[in-house]
Amino acid sequence: MARVFYDEMYDANGHCRPHYQEFARWLADTPPELLAQRRREADLLFHRAGITFTLYGDEQGTERLIPFDTIPRSIPASEWRIVERGCIQRVKALNMFLADLYHDQRILKAGIIPPEQVLANEQYQLAMQGLDLHRDIYSHISGVDLVRDGDGTYYVLEDNLRTPSGVSYMLEDRKMMMRLFPELFAVQRIAPIDHYPNLLLDTLRSSSPLDNPSVVVLTPGRFNSAYFEHAFLAREMGVELVEGADLFVRDDRVYMRTTAGPRQVDVIYRRLDDAFLDPLAFNPDSMLGVPGLLAAYRSGNVVLANAIGTGVADDKSVYPFVTDMVRFYLDEEPILKNVPTWQCRKPEELSHVLANLPELVVKETQGSGGYGMLVGPAASAAEIEAFRTRLKARPEAYIAQPTLCLSTCPTFVETGIAPRHIDLRPFVLSGRETRLVPGGLTRVALREGSLVVNSSQGGGTKDTWIVED
Amino acid sequence: MLSRTASDLYWMSRYLERAENLARMLDVSYSLSLMPQDGRGDGLDELAMPLLITGTLDDYLNRHGELHAERMLNFFALDADNPASIYSCLAAARSNAHAVRGRITADMWENINASWLEMRGIAEQGLGRYGISRFCEWVKERSHLFRGATFGTIMRGEAYRFIRLGTFIERADNTLRLLDARYEMLGEEADAVSDTSARGYYQWSALLRALSSFEAFTEIYRGSPRTRKVTELLLLRPDVPRSLRACVDELNLMLGGLPGDNGRPAQRLAAELEARLRYTGIDEVLGEGLHTWLTDFILLVRQLASAIHSSYLEAA
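Heads up: the protein sequence lines correspond to chains A and B, in order. Residue numbering for the first sequence follows full-length UniProt numbering, beginning at 1 and increasing consecutively. Residue numbering for the second sequence follows full-length UniProt numbering, beginning at 1 and increasing consecutively.
Simulated from the structure, these hints should not be mistaken for lab results. Each residue gets a CB set at the ideal place from its N, CA and C atoms; glycine is no exception. Don't take every hint at face value.
Here are the computed distance ranges between Cβ atoms for each label pair [unchecked claim]:
#, chain 1, residue 1, chain 2, residue 2, range
1, B, R268, A, G221, 31 to 39 Å
2, B, E137, A, R235, 45 to 53 Å
3, B, M155, A, D211, 55 to 63 Å
4, B, D239, A, H47, 40 to 48 Å
5, B, P83, A, E468, 55 to 63 Å
6, B, R268, A, D211, 57 to 65 Å
From just these sequences and the hints, can you work out the full model?
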């Protein structure tokens with residue numbers, strides 16, 4: 001199959017693109033032994049600092065390193081400004097959609113989204129209906145996953161509005177690159193990103209009507225796969241990292257247990273799913289949450305970031321409507337494109353999907369982390385047949401998309417430097433204003449030909465540069 | 001500071017201090033077991049001492065049935081199923097540190113993490129190949145290093161105070177127990193008018209060495225160790241860092257510097273204990289009966305530990 005991939009560094013004729021030229025010159029001048037030695041140094045530093053993640057399903061709960069690739073993913077600033085505007089536009093529309101959905105539901109009444117698509121969705125939270133949030137913001141921290149097709153066009157693959165993770169790797173990758181290769185930062189202007197924790201704290205503080213709210217990060221605990229990131233962000237922001245048991249609710253107010261007695265908490269940056277937040281309101285078996293939290297939240301005495309019930313807007317069955325949301329709420333044309341999507345719940349679209357499985361990517365509408373998906377071109381005939389059975393049994397649980405070519409970027413692999421597929425996750429912060437630091441997390445699929453970039457599936461990361469052109 | 005954070009810091013240093021104390025205990029018992037013995041002469045009673053002191057002898061007997069040198073050593077040092085083994089203490093210390101790694105310095109975290117990784121390597125090799133004395137030295141050295149990294153890098157705030165509290169509660173308890181056990185081991189000989197027997201000499205000097213106080217003893221008292229002098233040194237001297245008095249002084253100092261009113265019960269108790277030691281002479285202690293006095297004080301230290309718990313570590 002002759003597929004055309006867009007390579008971030010080289011054009012179709014094999015010429016280096018302008019924004020990579022400084023890097024290419026440096027790469028040609030640097031002895032391979034030195035590069036290899038720096039890569040080993042990076043591994044050692046990541047290990048010593050314990051920048052790790054835990055893999056679910058691994059009996060030993062081993063802490064693993066996410067592979068870090070030293071060849072950066074570079075984007076010209078002029079191109080980035082378009083992506084940035086597109087992300088801001090999209091997240092604004094999504095926040096307006098959530099505010100509308102949990103109040104007047106104008107978009108349903110206008111017939112733009114079929115009501116059953118959202119109201120019957122598991123992620124729709126009745127408890128949020130009619131509740132007013134400060135600044136009408138639901139998703140304070142959003143991760144927008146972008147990929148590029150064969151001609152270089154950016155597409156939004158999915159929106160992450162619950163508890164998007166990965167920002168700590170974005171920051172640590174940059175620190176590591178600056179430490180290993182400072183000379184690269186001297187010869188060109190690469191936009192800084194280190195102020196992200198500062199912006200995050202500002203966003204969290206502005207989510208509360210109070211002047212000087214007390215902010216905490218709520219983690220499920222040290223056995224969670226992203227615990228490193230929770231601890232990292234709390235430390236960088238200088239706020240407490242709390243677990244459910246550190247908090248309690250009295251008279252609809254949330255307090256944390258401190259050595260100097262109870263102290264009231266105003267904003268909770270929670271890295272815990274809705275279902276685990278409050279055993280009285282949601283999953284009664286949850287040991288991770290805080291009994292009474294929902295009541296305190298509904299009384300307006302505490303802010304949760306992100307709000308409860310944002311999952312209904314990043315659900316893959318709602319995804320096809322996001323471009324319509326942009327038009328409906330902002331009266332603007334969407335800057336970023338959606339990947340064309342077949343909704344398997346519709347019989348005519350299902351039959352198209354079933355007939356073309358080997359060419360398509362099929363995903364669970366509520367899945368994440370690259371689990372439970374089929375990549376048609378990479379699957380065996382047996383895998384496709386097994387998936388066909390599951391698809392027929394519960395068509396409403398799946399969507400399908402054409403297999404995107406996904407751009408490639410040169411990457412260090414065992415045999416030297418070779419192109420590997422990448423994506424991009426910028427982190428959008430919504431508070432007093434909607435903004436993001438330049439760039440995001442670039443994930444790379446290290447296996448040859450693989451299109452799955454998730455760290456749980458053997459993906460690595462790269463530093464992401466926005467280079468002034 | 002979050003109560004849970006304070007609790008993790010406190011237990012991190014308690015477990016590390018405990019690991020160090022266990023290694024000290026093991027070291028002295030192992031070297032004494034190699035000496036010519038009274039009674040059975042196989043040194044097994046001596047090797048069982050650390051198990052007796054830590055209250056794990058029954059657990060050992062249930063599992064292994066009889067006193068057996070190699071098994072006892074392994075049970076005490078490396079057995080992951082024995083929650084009181086040196087191995088388990090280091091595991092617990094590292095786990096507590098992991099939970100608060102945002103609150104300790106990178107130097108401290110990397111140090112304790114490296115200790116744990118090396119501990120696992122030693123456990124794989126086994127004590128026989130690594131060497132018992134070498135192992136005890138290693139544990140002490142890692143504990144010294146961590147304390148040094150802590151002292152040299154952490155801000156003098158609440159975190160520092162809770163770390164110090166953990167260390168000195170554990171150390172006070174340990175000094176009391178070790179002294180009690182050695183005193184009991186000597187039996188009537190300890191109270192004899194002329195306790196100059198070779199056995200007495202070895203017992204007391206082994207204890208002094210286990211508590212790194214042998215040099216202090218020779219400098220202050222000269223001559224061979226006797227019950228009265230050893231006891232005075234280990235209980236009442238403020239300038240010997242592992243003495244009871246030094247531990248209680250430090251506890252009192254640390255508690256006094258903590259903010260808030262909810263710690264009053266713990267602060268009061270620490271101040272009382274400090275005053276009591278300051279104004280007690282060794283004749284009073286021996287007059288009351290050393291064993292009785294020690295037993296009372298072990299209880300008081302335990303009361304102080306639980307006052308710290310209820311005031312700070314599980315505060316609501």
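Query - H47 of chain A and D239 of chain B - C-beta distance against the hinted 40 to 48 Å - result: holds, 43 Å
Query raised in the report: Do the Cβ positions of E137 of chain B and R235 of chain A conform to the proposed distance bound of 45 to 53 Å?
Result: Once the Cβ atoms are compared, 35 Å apart, the range 45 to 53 Å for R235 of chain A and E137 of chain B is violated.
Query raised in the report: How does the Cβ-Cβ distance of P83 of chain B and E468 of chain A compare with 55 to 63 Å: does it lie in that range?
Result: holds, 59 Å
Query raised in the report: Okay, R268 of chain B versus G221 of chain A on CB: inside 31 to 39 Å?
Result: Between R268 of chain B and G221 of chain A, where Cβ atoms are some 35 Å apart, the hint holds.
Query raised in the report: Do M155 of chain B and D211 of chain A keep their Cβ atoms within the hinted range of 55 to 63 Å?
Result: violated, 28 Å
Requested in this report: Take a look at whether the Cβ-Cβ distance between R268 of chain B and D211 of chain A falls inside 57 to 65 Å.
Outcome: Violated, at about 38 Å.
In the structure shown, a violation is registered for the earlier hints numbered 2, 3 and 6, in ascending order.
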